[in-house]
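All chains, full assembly: derive it from the sequences and hints.
Heads up: the sequence shown begins at 514 in our numbering, then just goes up one per residue.
Simulated from the structure, these hints should not be mistaken for lab results. Any given hint could be a false lead.
[What the hints assert, rightly or not] Derived lysine to any residue pairs resembling SDA-like cross-links, with alpha carbons at most 20 Å apart:
#, residue 1, residue 2
1, 538, 670
2, 670, 630
3, 538, 641
[Said to hold, decoys possible] Label pairs and their computed distance ranges (CB to CB):
#, residue 1, residue 2, range
4, 565, 622, 43 to 49 Å
5, 568, 732, 47 to 53 Å
6, 626, 566, 47 to 53 Å
7, 538, 628, 25 to 31 Å
8, 628, 563, 29 to 35 Å
9, 756, 547, 50 to 56 Å
10, 756, 551, 54 to 60 Å
11, 689, 790, 39 to 45 Å
12, 673, 574, 24 to 30 Å
13, 560, 629, 22 to 28 Å
Note that beta-carbon positions come from the ideal geometry of N, C-alpha and C, so glycine has one too.
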Amino acid sequence: MPDWDGLRIFLALSRARTLAAAARKLGIDETTVARRLARLEKEMGASLLERAPGGLALTAAGEAVRAAAEEMEVAALTAERRALGADRQLSGRVRVTAPEILGRYFVLPALQAVHVRHPGIAIELISTIARLDVTRREADVAIRTVRPTEPALVARKLARMAVAPYVRRRRKRPEQIAAVGYTDGVRLPLRNVEDRIPSGRVALRTNSIATVLEAVRLGWGAGDLPCFVGDATPELERAFPGDKPDWLDVWLIVHAEVQRTSRVRALVDELARVFREGAALLAARAST
514 MPDWDGLRIF
524 LALSRARTLA
534 AAARKLGIDE
544 TTVARRLARL
554 EKEMGASLLE
564 RAPGGLALTA
574 AGEAVRAAAE
584 EMEVAALTAE
594 RRALGADRQL
604 SGRVRVTAPE
614 ILGRYFVLPA
624 LQAVHVRHPG
634 IAIELISTIA
644 RLDVTRREAD
654 VAIRTVRPTE
664 PALVARKLAR
674 MAVAPYVRRR
684 RKRPEQIAAV
694 GYTDGVRLPL
704 RNVEDRIPSG
714 RVALRTNSIA
724 TVLEAVRLGW
734 GAGDLPCFVG
744 DATPELERAF
754 PGDKPDWLDV
764 WLIVHAEVQR
774 TSRVRALVDE
784 LARVFREGAA
794 LLAARAST
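Shown next as structure tokens:
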């Protein structure tokens, strides 16, 4: 019977579709991933994945194995969350994910306060706008601007953040402005800047808010940025000063079973405090 670790690697490959992407997701090298897949296929007596134009694809046997492996994954994650939820120790690892701008200005100070009080908690901060899966323990706590729909997740609204398009000062005429946009999968849930500029031309796309900020500062074009950052950057100005900013809700998300863990609870409480105290900053000059 195949062990769970081999099936876990197989699931990562079936989702990532390349050895390199699966290895990055799992935090191991490509050689180990390939070796464990070969061992699993030998144990199963069938080829589970095959090369295809878009990357690795499931064979018929792989499709059957994936369904069973996903059932095992659900059971394993449930057991892990319940064990974590019963843990009352203020020590151990907690993984937090947040967009890098919010991570820098709000999440990091909250984590610092927890670290000072509880140095036994090993904190990991993944600064990304991409959505990590809380149900699969890719993160224990997530800060997002979209409320989740999964019933097992608990969402707490922390604040509202004003967002507007910005350009470098002394900009070109409106019809000459290009857009600095976000890549598919991480686009902000609001009016996109490329749909608002006359040319509609996109000069750059990125998955990073910090990169949008730097690109706009360097003069690439207009990009959507949190107002508390854009207004505080001397080189920038609102691209459409007559328009009111859009609003994004900021949510704190945690799994219902994990939130009872003492170390997770300590982080959640501190994050709520920091965002509560920073609510006015997040709404910076929203009416201008």
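Here's how the hints hold up against the structure:
Note on residue 538 and residue 670: the hinted pairing is violated, with a Cα-Cα distance of about 29 Å set against a maximum of 20 Å. A distance of roughly 25 Å separates the Cα atoms of residue 670 and residue 630; the hinted pair therefore is violated under the 20 Å criterion. Of the pairs offered as hints, the one joining residue 538 and residue 641 holds, with about 14 Å between alpha carbons and a cut-off of 20 Å not exceeded. For residue 565 and residue 622, the hinted distance range of 43 to 49 Å is satisfied, since their beta carbons lie about 46 Å from each other.
Distance hint for residue 568 and residue 732: a CB-CB separation of about 37 Å, inconsistent with the stated range 47 to 53 Å. Hint check: residue 626 to residue 566, Cβ distance near 50 Å, so the stated range 47 to 53 Å holds. Between residue 538 and residue 628, the C-beta spacing of about 27 Å keeps the proposed range 25 to 31 Å intact. A hinted range of 29 to 35 Å for the beta carbons of residue 628 and residue 563 is inconsistent with their spacing of about 47 Å.
Hint check: residue 756 to residue 547, Cβ distance near 52 Å, so the stated range 50 to 56 Å holds. Distance hint for residue 756 and residue 551: a CB-CB separation of about 57 Å, consistent with the stated range 54 to 60 Å. For residue 689 and residue 790, the hinted distance range of 39 to 45 Å is satisfied, since their beta carbons lie about 41 Å from each other. At about 50 Å, the beta-carbon gap between residue 673 and residue 574 misses the expected band of 24 to 30 Å.
At about 53 Å, the beta-carbon gap between residue 560 and residue 629 misses the expected band of 22 to 28 Å.
Violation of the numbered hints given earlier is confined to hints 1, 2, 5, 8, 12, 13; the remaining hints are satisfied by the structure.
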